[in-house]
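Student: Just so you know, the protein sequences line up as chains A and B, in that order.
With my numbering, the residue at position 122 of the first sequence is 122, and numbering never jumps.
Quick note, my numbering runs 1000 ahead of the 1-based positions in the second sequence.
Check before you lean on any hint, since a few could be wrong.
As the list claims (entries may be wrong) - No farther apart than 27 Å at their CA atoms in a straight line, the calculated lysine-lysine pairs in the BS3-like style are these:
1. A:Lys-109 with A:Lys-154
2. A:Lys-125 with A:Lys-176
3. A:Lys-211 with A:Lys-6
4. A:Lys-154 with A:Lys-176
5. B:Lys-1193 with A:Lys-109
6. A:Lys-218 with A:Lys-23
7. A:Lys-6 with A:Lys-23
8. A:Lys-108 with A:Lys-125
9. A:Lys-109 with B:Lys-1192
10. A:Lys-108 with B:Lys-1193
11. A:Lys-154 with B:Lys-1126
12. B:Lys-1192 with A:Lys-154
13. A:Lys-23 with A:Lys-108
14. B:Lys-1244 with A:Lys-108
15. A:Lys-125 with A:Lys-154
16. A:Lys-23 with A:Lys-211
17. A:Lys-154 with A:Lys-6
18. A:Lys-218 with A:Lys-6
Said to hold, decoys possible - Simulated coverage check for chain A against chain B, where a stretch passes if three residues somewhere in it have a Cβ under 8 Å from a Cβ of chain B:
19. 67-73
20. 96-105
21. 164-172
22. 185-192
What the hints assert, rightly or not - Distance ranges between label pairs, derived from CB positions:
23. A:Glu-208 with B:Gly-1108: 31 to 39 Å
24. B:Leu-1149 with A:Asp-183: 28 to 36 Å
25. A:Arg-107 with B:Gly-1108: 39 to 47 Å
26. B:Leu-1116 with A:Glu-208: 35 to 43 Å
27. A:Arg-107 with B:Pro-1271: 49 to 57 Å
28. B:Gly-1108 with A:Gly-216: 55 to 63 Å
29. B:Leu-1281 with A:Lys-218: 56 to 64 Å
30. B:Trp-1098 with A:Arg-18: 54 to 62 Å
By construction, these hints were calculated from the structure, which means they are not laboratory data.
In this text, all values refer to a predicted model and were calculated from it rather than measured experimentally.
No residue lacks a Cβ here, since even glycine has one placed at the ideal position from N, Cα and C.
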Amino acid sequence: MLELDKVNTYYGEYHAVRDVSLKIDAGGFFMIVGPNGHGKSTLLKTICGLLPTASGRVLFQGEDITRWSTDRIVDAGLVYVAEARHLFNDMTVLQNLQLGAFNAGARKKMHGNLAYVYQLFPRLKDMSNRVVATLSGGEARMLTIGRGIMSRAKLLAIDEPSFGLAPNVRNEVFQKIESIRQDGTTILLVEQNVNQVLDFADRICLIEDGKIVFQGDKQAALLDEHVNQVFLGE
Amino acid sequence: MNIWVQQIIQVLISGIVTASVYAIMGIGLSIIYGISRVFNFAYGSFFTWGAYLAWVLFNTFSWMTYPIVFLIVLPVMFALGMLTERVVVRSLRWRANWQVTTMMVTLGLAFLLDNLALIVFGGFAKPLPPMFRGGLNPFGFTLSIQDLLMVLIAAAVMIVFGLFLSRSFVGMSMQAISQDMTGAEIVGIPIKKVFSYTFGLSTALVGMGGILLAPRYYISPHGGWEPFFRVFVIVAFGGLGSIKGTLYAALILAIFEAFISWSLGATWVLPFWFMVFLGVLAFRPSGLMGTWG
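Can you build the whole structure from these sequences, using the hints too?
Tutor: Next comes the structure, spelled out in structure tokens:
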């Protein structure tokens, strides 16, 4: 579904993503892990067109989207869910969700997708007329994910969904993400916190210094010495 | 009626009339900064050019009327604004210090447009015909129908614009960009396109202001700077990006202006605006209702 071929990205002068190649299958739960500040978020932003690709190619559903603008990428179904809120704070929950359906394809499906988001996050339905600035961290995270679904996402690229959340809320968020995957949306997730997500992910890739140092399925990750060293403290 | 009361009401009316035009121009200046993050120094020149275009139409076609002038000039101004964004702003955006650079470049554009007007139309001030002759005399004071029309048109523009911002998808996307530009990009709003529309809309609004004020004042090549300065103070006073703030600020300051001009004389008007500007910068830089910053 998504394929990266030797992608490089610079953040200003800094070479943040180095020769990253990977392949994500449709319907999968792909997790990118790695220490803070090692290029994981930069990689996601590059894929979604928020940062320019210096070299290499990004293919989405067989099409070369490397030079596409973000709105075109979103329209194609590849949607970024940011780690920082990046919500529209002075608007209501409902308006934020509606703006998620900005692209023409999503606008036609707005009612169906809204019903789906409300079913997935009943709390958002109760708060649909609340101004976003008043939401808690967990509620805001649900809203960012809901807004991503509203864009008629085929692949949700989620940046550190657990960031800044209490452990029990984190768990809830991951459960929701897993149920979104079960309903047919491919998940690409970036996390620092591995333990909680390991159960869901079916492929894992470890990034250090902008380079992929390990890639494989869950079993392989559990067996890999380096992965264990970095994350499981062994 | 007491002569003083009558005069005060007259001054009040004159303040409200100018306030309504300042308000729509203020909204135009405010959206261009709040949404596309550009301070447009050529704003006053577009004010002048809107009026000049109307003058050309009136002097080319003897049957010309104001509704047709608006129908022709406003789309032209809209296109001119979009063109400015494409040619002048887009290539500079996101480069190092681009906000200062665009300020300088739009300042250059202002000189270019002003002097072009000087070459094409000459230095003599040009009049526009009155929008409507005649007046009403309720309770002994005079109210010209032209003034009434100006207020009504400006109020209609503000209402339509408010609905556009809160109800339409494009309007909502403009609000979204002003609140979180990255968020707007994430949801797939084509921000470059919206920047162009914003420039177009802003230029059409100031062009409209130029046409509305021209029958009261004359049109001259550098005549856009003074209204531009006033509108800038209004927007700073009301809080950049706040439409309500702009409206209140326009009312307060234009009525003050009318009273100063009546009581102290017209020479005190500009110093008054400067003092307000300094006061805002010193005591409340975010403005009356400042939100967007």
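Student: Confirm or reject each hint.
Tutor: Hint by hint, here is what the structure shows:
Proximity of A:Lys-109 to A:Lys-154 is assessed by CA-CA distance (about 13 Å); at most 27 Å being required, the pair is judged to hold. For the given pair, A:Lys-125 sits about 15 Å from A:Lys-176 by alpha-carbon distance, which is consistent with the 27 Å threshold. Between A:Lys-211 and A:Lys-6 the CA atoms are separated by roughly 10 Å; this keeps the pair inside 27 Å, and the hint holds. A C-alpha spacing of about 16 Å is found between A:Lys-154 and A:Lys-176, which places the hinted pair at or below 27 Å, so the restraint holds.
Annotation: proposed proximity of B:Lys-1193 to A:Lys-109 holds, straight-line Cα distance about 23 Å (limit 27 Å). In summary, the hint linking A:Lys-218 to A:Lys-23 is supported, as the alpha carbons are separated by about 16 Å, within the 27 Å threshold. The straight-line distance between the Cα atoms of A:Lys-6 and A:Lys-23 is roughly 11 Å, inside the 27 Å bound, and the hint therefore holds. At most 27 Å may separate the alpha-carbon atoms for a hinted pair to count; A:Lys-108 and A:Lys-125 meet this at roughly 20 Å.
A hinted pair counts as satisfied when its Cα atoms are at most 27 Å apart, and A:Lys-109 with B:Lys-1192 qualifies at roughly 25 Å. For a cut-off of 27 Å, the pair hint linking A:Lys-108 to B:Lys-1193 stands: about 21 Å separates their Cα positions. Among the hinted pairs, A:Lys-154 with B:Lys-1126 is inconsistent with the structure: their alpha-carbon atoms are about 60 Å apart, more than 27 Å. Proposed proximity of B:Lys-1192 and A:Lys-154 is supported: the alpha carbons are some 25 Å apart, at most 27 Å.
Simply put, A:Lys-23 and A:Lys-108 have alpha-carbon atoms about 30 Å apart, too far for the 27 Å limit, and the pair is violated. Straight-line distance between C-alpha atoms of B:Lys-1244 and A:Lys-108 comes to about 33 Å, which puts the hinted pair past the 27 Å bound. Only pairs whose Cα atoms come within 27 Å are accepted, and A:Lys-125 paired with A:Lys-154 is accepted, the gap being roughly 23 Å. With a CA separation close to 15 Å, the supplied pair A:Lys-23 and A:Lys-211 stays within the 27 Å bound.
The straight-line distance between the Cα atoms of A:Lys-154 and A:Lys-6 is roughly 23 Å, inside the 27 Å bound, and the hint therefore holds. For the given pair, A:Lys-218 sits about 24 Å from A:Lys-6 by alpha-carbon distance, which is consistent with the 27 Å threshold. For the segment 67-73 of chain A, the stated coverage by chain B holds: 4 residues have a C-beta nearer than 8 Å to a C-beta of that chain, and at least 3 were required. Counting residues of the segment 96-105 of chain A whose beta carbon lies closer than 8 Å to any beta carbon of chain B gives 5, which meets the minimum of three for the stated coverage.
Closer than 8 Å: that is the beta-carbon criterion, and the segment 164-172 of chain A has 0 residues meeting it against chain B, so the requirement of 3 is violated. Counting residues of the segment 185-192 of chain A whose C-beta sits closer than 8 Å to any C-beta of chain B gives 0, which falls short of three, so the coverage hint is violated. Distance hint for A:Glu-208 and B:Gly-1108: a CB-CB separation of about 49 Å, inconsistent with the stated range 31 to 39 Å. Range check, B:Leu-1149 to A:Asp-183: Cβ separation about 58 Å, and the 28 to 36 Å hint is violated.
Distance hint check: the CB atoms of A:Arg-107 and B:Gly-1108 are about 40 Å apart, consistent with the given range 39 to 47 Å. Taking 35 to 43 Å as the suggested C-beta distance range, the pair B:Leu-1116 and A:Glu-208 does not conform, at roughly 59 Å. Separated by about 52 Å at the C-beta atoms, A:Arg-107 and B:Pro-1271 satisfy the suggested range of 49 to 57 Å. B:Gly-1108 and A:Gly-216 have their C-beta atoms about 58 Å apart, which keeps the hinted 55 to 63 Å range intact.
Distance hint for B:Leu-1281 and A:Lys-218: a CB-CB separation of about 60 Å, consistent with the stated range 56 to 64 Å. In this structure the supplied range 54 to 62 Å is violated for B:Trp-1098 paired with A:Arg-18, their Cβ-Cβ distance being about 29 Å.
Comparing the model with each numbered hint stated earlier shows that hints 11, 13, 14, 21, 22, 23, 24, 26, 30 do not hold.
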